[in-house]
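Turn these sequences into a full structure, and let the hints steer you where they fit.
Chains as they are written, first to last, in the working numbering: chain V, 5 to 370; chain E, 5 to 370; chain F, 5 to 370; chain R, 5 to 370.
Note that these hints are calculated values from the structure, not bench results.
There could be a bad hint or two in this list.
When chains are identical, the list treats them as one kind, so a pair holds in a single copy or across two.
To be verified - Calculated pairs, DSBU-like style, for lysine-lysine (alpha carbon to alpha carbon, straight line, at most 35 Å):
no.: 1; residue 1: LYS368; residue 2: LYS148
no.: 2; residue 1: LYS26; residue 2: LYS205
no.: 3; residue 1: LYS148; residue 2: LYS26
no.: 4; residue 1: LYS179; residue 2: LYS369
no.: 5; residue 1: LYS330; residue 2: LYS206
no.: 6; residue 1: LYS26; residue 2: LYS368
no.: 7; residue 1: LYS330; residue 2: LYS369
no.: 8; residue 1: LYS369; residue 2: LYS26
no.: 9; residue 1: LYS369; residue 2: LYS206
Protein chains: 4
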Amino acid sequence: MTGNSLGERFVVTSFGESHGPKVGVVIDGCPAGLELVAGDIQRELQRRRPSGELFSTERKETDQVEISSGVFNDHTTGAPIHLSVSNLDTRSVDYEERRHTPRPGQADLVARLKYGGNEDYRGGGRFSARITVGFVAAGGVAKKLIRTIGMEVYAHTVEIAGIRARRVPPDEGAKASRDNTLGCADSEAADKMAEAIADGKKHGDTLGGVVEAVATGVPIGLGEPVFDNLDGDLSKAFFSIPSVKGVEVGVGFQSARMRGSEYNDPLTVHDQEVQSLTNNAGGVIGGLSNGQPIVCRIAFRPPSSIAMPQTTVNLQTMKEQPLLIKGRFDVCVVPRAIPIVEAMTAIVLADHSLRARLVGPVLKKR
Amino acid sequence: MTGNSLGERFVVTSFGESHGPKVGVVIDGCPAGLELVAGDIQRELQRRRPSGELFSTERKETDQVEISSGVFNDHTTGAPIHLSVSNLDTRSVDYEERRHTPRPGQADLVARLKYGGNEDYRGGGRFSARITVGFVAAGGVAKKLIRTIGMEVYAHTVEIAGIRARRVPPDEGAKASRDNTLGCADSEAADKMAEAIADGKKHGDTLGGVVEAVATGVPIGLGEPVFDNLDGDLSKAFFSIPSVKGVEVGVGFQSARMRGSEYNDPLTVHDQEVQSLTNNAGGVIGGLSNGQPIVCRIAFRPPSSIAMPQTTVNLQTMKEQPLLIKGRFDVCVVPRAIPIVEAMTAIVLADHSLRARLVGPVLKKR
Amino acid sequence: MTGNSLGERFVVTSFGESHGPKVGVVIDGCPAGLELVAGDIQRELQRRRPSGELFSTERKETDQVEISSGVFNDHTTGAPIHLSVSNLDTRSVDYEERRHTPRPGQADLVARLKYGGNEDYRGGGRFSARITVGFVAAGGVAKKLIRTIGMEVYAHTVEIAGIRARRVPPDEGAKASRDNTLGCADSEAADKMAEAIADGKKHGDTLGGVVEAVATGVPIGLGEPVFDNLDGDLSKAFFSIPSVKGVEVGVGFQSARMRGSEYNDPLTVHDQEVQSLTNNAGGVIGGLSNGQPIVCRIAFRPPSSIAMPQTTVNLQTMKEQPLLIKGRFDVCVVPRAIPIVEAMTAIVLADHSLRARLVGPVLKKR
Amino acid sequence: MTGNSLGERFVVTSFGESHGPKVGVVIDGCPAGLELVAGDIQRELQRRRPSGELFSTERKETDQVEISSGVFNDHTTGAPIHLSVSNLDTRSVDYEERRHTPRPGQADLVARLKYGGNEDYRGGGRFSARITVGFVAAGGVAKKLIRTIGMEVYAHTVEIAGIRARRVPPDEGAKASRDNTLGCADSEAADKMAEAIADGKKHGDTLGGVVEAVATGVPIGLGEPVFDNLDGDLSKAFFSIPSVKGVEVGVGFQSARMRGSEYNDPLTVHDQEVQSLTNNAGGVIGGLSNGQPIVCRIAFRPPSSIAMPQTTVNLQTMKEQPLLIKGRFDVCVVPRAIPIVEAMTAIVLADHSLRARLVGPVLKKR
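Laid out in structure tokens, this is it:
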């Protein structure tokens, strides 16, 4: 394959560019008989949109999903599911000018060199976060699919601008994090994060942060050795979200500072089943799910587009020149990344559930 | 594919189990005309073996590579390259006993549940680090391949047991890190790490650490949007190494605490080319290489097999029972992980070089 | 992958159902810088539509293609190309009734059993020839791509109802076959075929035939041993066209009756290049193109939907009952299959041209 | 992938060259718990070897299979299965000479041009029928796997040198065809074929023929629309066998001469199940198995290596020169192709059984 498809059995093929007619996905491999209506997707897309002026000045679009194939009588047919959203609010910035003055930190320059100047450079084109509309739409289907075997997925903000949230148990985070617009289960930390964002906005600067993905109800044995590990596939999926610079599973980088006697999750018996008392492994051992909640953390760098003066190089004159970016800004993408992180988590779990044959080719006969 | 192959154009298919007859790989997609002799592979395998009793009591094997296909007259033919190593030192531990008492932190239990008890449980079977012999062998080929277009790869120890090495510039790390058995470019830190390892060994405990992978001479534009990003594929490849719990690119998790104005690497002109003055991005922007050195850090948890008493569950009686693991131990896998990390880095870069068509189907006519 | 994508480097993902909102494709892997406008696709789609009442009563649709991504300023961007056509003329037959009385020779029954009754059964759903609209659209792009390296593709009718056309040289067939609505280069045979079709129509019966695909200007060495052979991939692609029951390359089945001394194409020197004097091999040796024109013949069975009374089984009562199919009929699909056969040929050649790295990642810098 | 792997869920990766150290396969995706011993493979390999001097003077090798991974305690483990055979009888012909005088009809010339002269040209290298040793070995595993769900596969000779065997019902062909060395169920025809072969041998010429593959006990619904059809995948697999020039399913090319009213297999009820009275479709409708026996015919051209004088081009002088090939000859490959055709059939059916999730990830718990 050539880069725009993800997965082996629940295959998401992405298409679209920021300012082209449509963005969307084709999902191949979804079993027949899954109940699915546009509202299931729409609800997820809604969560991706900014809920206030706090951290974003993103374009305002209704992002109405259109289902063009694969669903019949409100159930999946087993054929490819085609989901798309039209790009409506494509404001006319002077893109011609920007074309020759790549923004630092953005893909402008590498895209131009890779595609020989043929790339759709308007609004970041194929490299725009706009593409994640399709990811979230696919995630809506994946969530419904994995729910049929008892899995739930959520993500929440655990750090912004260096302010870390208190840890919450996996089964409490979902509810608690939905209480504030920052998607943070620790309301005190959320207040401080909001202040930091307001401060960043005032200075025209941007902020990074960390999102945690959690999956509960995960069956044992998802993941394929030795390469298509569950953690490896999750990691790859997370890195496809713009601005991600790090992924860790369980205690992650902290494990590098632990001793084996601390790190090993002791085994015990609970309800006639073997379980681990702790979850330092984050639900993945040997690349396979071990029945514990899956816990990953994803680091987001600050958005590259800042309202402060920067220096760039004019590709026509090959001389440095000042750059002042105008238009929309995200001060911090972390809160809006939450449904995207959830989508990628659900997509990978759906794929591996199918690979492990835990989900049948037909969910419901009709 | 089904989990034991990695890559799209330089495809590494792994086979073998810890105590089976052989471990190895088949490499499909390597261009014809690459000079290759067994010594190229053997040299890499040698680096994977323990250089002393300091951090490991791994089995002693000569690990002689056998090339069974794809090489003719010391050059690759364009046909699949088959590399294998026989498993010789497979000491007879009482594996039958261990079979019912899974080791905490190891894949024993999940493997048994996933494969219904059919898995080769001797020495970790398919989940053993022994499998990485094949990775390193494939890495030997990949390194030679990417060198034809000017890329070099190395890895070094940047942290063990919480002791961090001083940072070194990308072009100095390779040489400096080869001076000590820990593969650490900071000799002072290396001494402290050695002490920590000695201490861990004394207590029968194990230690984690962090390895940094660096690639220099990387052309611009490696990586495919939106899913097969260079960073995503590197991350996935690293997670296939046993014990990895986190991967970060460039400043990684630290970027989550930075402001955009700090993080953005400013663009400038150098030798008629646009370059960035700093490398917070770690050589990857928008999932594509940007010409800067690629820098990734990989977190290794401490090895699960400790010489201290632990608790497990006997799967026959479903009762807890004490566990004392005997046999070989790695106090810390970090130094021996270096050639493995290099191999995975080189494999992914080889694959993407082929995908970007920077390497021809025929390297040299004969 | 899961069945709805074809190719490795020029990957066509198909979506849509006969009576759903849209049918189309996403093409991933097309190089950047290929000139492409909607008219290029539209022209191909036009050829797929019936040119008269002779052999078909297919639905009348304008089949306007919509390009939703991957094209910018009339050139491909390197991002996925999304092509779709809306289904407009979806007449309301009583599909509910037909649902329980599967048509002999059609996929109605197997689809129902495979998808548990969730399949979109209207008009054949995913198994309808309507899906080939997407194939033809993708073929339009593939044809333009392979033309950049000198390849041309055409198909023509060589047999209908047992009437065989005289053979024409590869470089004459394209022109000659476009002279009549049957796409047959032998006008005498075409007249007889037209009579046979008229006769079939009168009786409410249907007819099969054979289409020949020809590619000229093919470079040497397309195809990958040992599995992804050029002939194997062509064959697989042809079998994805509804009604195909056989594929042969070069002299094909006739070669089974030849002696080696007759079959072997003798080698000679022409214009300083080694060439074969004859082309019994059909342009493929050892699974690779040998520089001669590629010649394949594809057998189409007669359409299953006949206007004559048939017997079926009512799936609700599990009793036999008479069946009389109403609605549209194709007496013979062969003439309309021509652009579809061309499309599949071009798609496979495009894919292998990219695999052999004969086409660059960027065709034209802008 | 890059050409040397076949399948999606039962993935066969082939390696080896005719005169290299080993030929073999890695099978990825075989479920755990399948009983498997070397004898299962050895039996199949034995059938691939010539049973007399009648139609072949192939090299004499014992072809002992070695299982290097994936099998433990006589059962598959779920890990990749590595099967290999050493090449022992690699007689030293003067390959250097032949290198510059390509044999007509063979891949010598195209291979040289594709691989820039780096190909292992000894004995046909990667293009030799020797590679099918690996196919047959993999087929031995596939046969055992599909037998667990009631499928049986066989192939038989239906035509040699224009002599056609009488048709036999699918359930009788297997037994009848094993009675003679030609693998032909019609003993009268077999006698005539033997005469034709003796005559061909006398003249130093070679003969083609047709093999029919039959699968019985096939469940309904194998195959994936729209591209990974069962017939398309079978066809592609057959074309990977050297010398194949045509594939047809059911009545195949004959269907092109039939009317719909003749061709359509009427539906009826038998044992409470819907069945078709005839099997013109050859067990595949809409690309899916319909429960009837699968019947394919595969055309083999005569072997290129004849003992008669031919003309070739000397690539160094670029002048024509006479060629007289010495060494081993196959007068007719058809009888020896039978186990290879069976292997490819079984491999594709195994793959699609896994894709349709008719075979579990664990066959037997231990």
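Now the hints, each set against the structure:
For the homomeric pair LYS368 and LYS148, the shortest alpha-carbon distances inside one copy (14 Å) and between copies (31 Å) are both at most 35 Å. When the C-alpha separation of LYS26 and LYS205 is checked against a cutoff of 35 Å, the pair qualifies only within one copy, where the shortest distance is 30 Å, while the shortest distance between copies is 43 Å. Taking the shortest alpha-carbon separations for LYS148 and LYS26, both the intra-copy value of 24 Å and the inter-copy value of 24 Å come in at or below 35 Å. Taking the closest pair of Cα atoms, LYS179 and LYS369 come within 35 Å of each other only inside a single copy of the chain (34 Å); across copies the shortest separation is 40 Å, beyond that limit.
With identical chains, the CA atoms of LYS330 and LYS206 are at most 35 Å apart within one copy only, with a shortest distance of 15 Å there and 61 Å across copies. In this homomeric assembly, LYS26 and LYS368 come within 35 Å of each other (Cα to Cα) both inside a single copy, at 32 Å, and across copies, at 25 Å. Taking identical chains as interchangeable, the C-alpha atoms of LYS330 and LYS369 lie at most 35 Å apart only when they sit on different chains, with a minimum of 28 Å there against 54 Å within one chain. For the identical chains of this complex, LYS369 and LYS26 are neighbours both inside a copy (34 Å) and across copies (25 Å), given an alpha-carbon limit of 35 Å.
Taking identical chains as interchangeable, the C-alpha atoms of LYS369 and LYS206 are never at most 35 Å apart, the minima being 57 Å within one chain and 41 Å between chains.
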